[in-house]
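Engineer: Required output: the full structure, derived from the provided sequences and hints.
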Amino acid sequence: MTVELIVFGVAGLVCLAGAVGVVASKNPVHAALSLVATLFGIAVLFIAQEAHFLAAVQVIVYAGAIVVLFLFVIMFLGVDRADDLRVEPLGGQRIAAGVLGIGVVALVVAALASTSFEATGIHSDTGPLPDEGTYDISLLSEALFTKFVFAFELTSVLLVIAVIGAVVLARRTRKSDEIVDPGQEERAEQVAERMARAEARARVYERNRQPDEWGRPTAAGDDTGTDSADEAEEVTA
Amino acid sequence: MVDLVWLIPALPLAGFLVLLVAGRRLGEPVAGWVATAACFGSFVATAIVFAGLLGKPEEERHVVKTLFEWLPTGGFSVDLAFLADPLSITMALFVTGVGSLIHLYSIGYMHGDAGFPKFFVYLNLFVFSMLMLVLGSNLLVTFLGWEGVGACSYWLISFWFSDEKNASAGKKAFVTNRIGDWGFMVAMFLAFASIGSIDYADLTLAAESGELAAVTATGIGLLLFVGACGKSAQLPLYIWLPDAMAGPTPVSALIHAATMVTSGVFLMTRVNPILAAGYGWAPDIIAWTGGITALFAATIAVAQNDIKKVLAYSTVSQLGYMFLAVGTGAYVAAIFHMITHAFFKALLFLGSGSVIHGMHDEQDMRRMGGLRKAMPITAATFIVGWLAISGVPPFAGFWSKDEILLYAYDIHPALWAIGLFTALLTAFYMSRQVYLVFFGEPRWNDHDAVATADGDEVDGAHTTDAHATAENSEHHEVQPHESPWLMTTPLVVLAGLAIVGGGLNLPINSDTKFLERWLHPVIGENEVHIDVATGTKWALAVGAVALAVVGILAARAIYLKHRVKPVEPALLAHGWYYDEAVTAFVGGPGTQGFETAAAFDRTVVDGAVNGVGGLVQRTGRLLRQAQTGYVRTYALGITTGVVIVLGYFLTRLTF
Amino acid sequence: MLAAMEVTPAWYLVLGSLLFGIGAVGLLVRRNPLVMFMCIELMLNAVTLTFVTFSRMLDDIGGQTVVVFVLVVAAAEVVVGLGIIVALLRKRPEATADDLALLEG
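Protein chains in written order, with the working numbering: chain L, 1 to 237; chain Z, 1 to 655; chain U, 1 to 105.
Derived from the structure by calculation, the hints contain no laboratory data. Predicted model, so just to flag it, every value in this text is computed and none were measured. Hints should not be assumed to be uniformly reliable.
[As the list claims (entries may be wrong)] Incomplete in silico selection of chain U near chain Z, CB under 8 Å:
#1 24
#2 72
#3 74
#4 100
[Said to hold, decoys possible] Quick list of simulated restraints, FRET-style, between CB atoms:
#5 649(Z) <-> 160(L): 36 to 44 Å
#6 103(U) <-> 74(Z): 50 to 58 Å
#7 94(U) <-> 649(Z): 41 to 49 Å
#8 160(L) <-> 637(Z): 27 to 35 Å
#9 6(L) <-> 624(Z): 53 to 61 Å
#10 637(Z) <-> 151(L): 29 to 37 Å
#11 94(L) <-> 102(U): 19 to 27 Å
#12 612(Z) <-> 197(L): 35 to 43 Å
#13 103(U) <-> 186(Z): 54 to 62 Å
#14 649(Z) <-> 33(L): 47 to 55 Å
#15 151(L) <-> 625(Z): 48 to 56 Å
#16 622(Z) <-> 9(L): 46 to 54 Å
[As the list claims (entries may be wrong)] Going by beta-carbon spacing under 7 Å, a handful of chain L positions derived as facing chain Z:
#17 100
#18 104
#19 107
#20 110
#21 111
#22 113
Glycine is no exception: its CB is placed at the ideal position from the N, C-alpha and C atoms.
Structural biologist: Structure follows, in structure tokens:
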């Protein structure tokens with residue numbers, strides 16, 4: 001019983017348990033916590049493979065920042081109510097998903113097996129793993145800041161863009177920030193008129209619900225056009 | 001001198017254009033004189049070219065004068081070129097000659113008509129088209145003329161189109177011709193498909209060298225014969241010719257006796273190498289069609305009461321003789337008969353026009369009689385024509401008809417018998433016509449005869465020359481008079497030609513057979529040779545003359561001396577009910593066929609096109625169902641794609 | 001008997017593929033946008049595990065470099081994605097992935 005085997009076993013189990021937890025939890029908070037478990041498991045596996053720096057980064061960035069971000073949003077928006085996992089509106093989705101999931105795993109394993117689990121790729125020009133004595137972090141930084149400096153700079157630009165995007169997307173527009181548009185009131189009236197008419201139409205539609213043009217009955221609980229239009233109006237306002 | 005061949009069609013074309021622009025201003029009678037001058041000038045030009053050809057040795061009598069390249073398309077190039085050889089110049093001679101005489105006649109006949117200039121516009125255009133037809137050096141120029149004469153025929157037949165009957169007659173002629181034209185066109189396509197050219201020279205070369213397969217040659221020959229049947233009014237497409245008598249009489253004389261209807265015979269003679277290169281049974285079909293048509297039309301002519309209808313059916317019958325000759329291989333005899341027929345038939349038609357004119361637009365023979373005292377010149381010339389067509393020597397008709405019967409006797413004895421019987425009928429009905437019109441007691445003011453005629457009026461056989469107003473129902477006093485010199489001069493000229501026309505090809509010995517020697521370069525080896533003992537020839541000739549005399553005497557007994565009751569069954573008077581049969585067929589099964597074709601077009605052809613559109617629509621509607629809008633469905637699709645691609649690469653790599 | 005087995009890198013690869021599969025199934029099955037996002041993170045982690053394993057198998061630091069980049073991009077992606085989700089769920093807190101079905105044919 002080597003240490004490696006024990007470590008692998010425990011960490012692997014934790015990962016898988018966490019993964020299943022993410023998928024199967026009704027409460028999103030539980031799902032987030034399961035995700036943390038998986039991330040920790042992965043970090044342990046990184047260490048087992050002598051990628052110490054990456055393990056640290058994984059814990060700090062992923063578990064420490066990203067999942068916290070997730071939890072912020074969950075709490076902030078109050079969507080911690082449980083999902084109803086018993087209903088699946090899209091028919092056959094779960095079966096298909098199950099089949100495909102098994103298919104993907106099986107094919108990937110088959111791909112690996114076809115080479116007898118040996119890595120057959122060409123070595124890149126970034127150099128070998130560190131021996132005993134040198135640290136992986138120094139080799140990593142060397143590669144990152146010399147050979148991959150361009151990609152590194154690009155990722156920093158990406159981060160800036162992401163931050164700006166997040167700010168723009170998530171802000172609440174204040175009245176004073178809104179652009180003054182001379183015809184806005186008139187348009188607002190027209191929009192209100194159209195909305196009223198659409199609502200009247202929707203009510204008529206509800207009353208005379210007919211099968212659609214291919215003879216399929218329209219299901220109850222379907223989105224009628226008005227709701228989505230309603231939502232779309234508000235989102236773009 | 002032969003280079004002037006382009007002048008021959010150019011002069012009538014010039015006349016046409018001048019009259020088109022200035023005809024109405026020139027008015028009567030200047031427009032008529034312009035047209036006649038153009039036609040006569042063309043005749044002079046033809047004579048010059050003729051002299052030029054005579055001056056050449058026999059082998060060189062084949063001159064092609066190209067004006068310009070007409071259709072210079074890639075692999076198919078057609079020139080607008082004229083071919084001056086014995087056959088075409090012979091045709092051009094009598095087309096322009098007889099045409100000039102008829103132009104002259106028309107100045108007198110159409111006097112007072114409101115459409116006087118228009119008439120000559122059409123006449124000149126007709127002569128131009130006819131000359132293009134005969135002078136063309138390839139099938140397409142001939143077809144240009146072919147279509148042109150068809151169009152002019154339509155315009156001229158329905159010249160007085162305010163009467164619906166005349167308009168219908170014109171339409172009937174055009175449509176029936178068109179059916180024949182289909183055959184012509186397919187023959188052209190076939191010729192092009194097999195040897196890549198529609199030039200007569202190339203066709204002759206291909207046919208004689210064996211390059212043209214027998215099947216193709218037969219196909220081309222028979223398809224051109226279909227065209228000839230339409231244009232030359234043979235069974236089953238003859239129905240337009242009797243109705244075409246609705247046009248003015250000069251039109252009937254020029255187009256439906258002397259020139260247009262002979263273009264079918266001309267075409268067959270022109271492509272005689274192709275007929276020779278085909279199967280042997282193809283000319284037999286031509287001969288039998290001609291023979292049966294001759295007999296058929298002759299039987300109908302016996303029972304007609306309209307003076308022009310008799311002549312119309314007579315024309316169909318005589319054309320049948322010509323095709324009989326062509327089918328037997330006796331091309332020279334056919335051309336000979338064509339020439340003599342042009343003389344005496346034009347004479348007969350013009351004479352009948354003179355009678356109609358003198359009788360103030362009366363056309364029913366039952367209301368005529370004893371006219372030879374009132375119209376002596378007309379009567380005399382008409383009698384010459386009558387003797388010529390009946391085959392009485394020494395008039396022209398005897399020599400040409402006898403040639404045909406001689407060849408038929410040697411090659412198709414059955415057809416000889418038919419031809420002989422038809423000759424008897426020809427003599428009979430022509431004599432009947434002459435006796436009814438010119439001899440006997442005058443019936444034009446005889447109320448009994450008029451009443452009988454009125455009561456007996458058979459619609460199908462009676463189409464008045466629409467000069468007539470309501471005069472037929474008014475029985476007022478008619479004073480027939482002789483026609484003016486403008487009309488009688490051409491009659492006299494034609495009579496003279498009918499008398500001496502036989503001299504073209506007297507069968508006495510090879511020296512006197514001018515026409516045969518003249519046409520040798522064109523027909524040459526394809527002219528069938530017969531060896532008949534001189535005694536047999538004499539016997540046949542005497543027999544034919546005897547039969548003609550029998551016919552004349554029989555008619556005399558019935559219609560002049562009134563010793564025997566006339567036999568004119570309604571079957572014959574109605575033309576064996578052929579017209580009615582055609583109408584019933586077209587109205588009944590024919591219309592059904594058209595409806596089926598239209599329905600086929602609607603459902604299958606249109607259906608296919610619309611079906612493609614519908615298919616696209618339906619496929620789109622089907623495929624649209626994949627756009628559910630649900631993100632998770634799309635994710636499912638992506639994952640499916642991943643699985644498929646992975647699977648594909650794995651299987652490719654491992655197997 | 002377990003003692004005789006040795007942990008070859010292949011085991012890590014298989015674990016990685018399993019995690020990836022579970023993440024894919026979760027993405028297809030769950031409707032809550034946040035949970036779907038978490039499944040995506042799961043898949044990304046499976047991939048990083050695989051990269052590190054290959055880095056060790058091929059004796060190459062390049063695999064680990066890629067993992068760094070994956071981490072950065074995943075962070076950026078989470079930021080923007082959560083921003084969008086916030087914007088959406090602010091108006092309709094009970095929205096699921098199935099409600100965004102306007103683009104249908």
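Engineer: Of all the hints given earlier, name the ones this structure violates by number, lowest first.
Structural biologist: 2, 3, 14, 15 and 22
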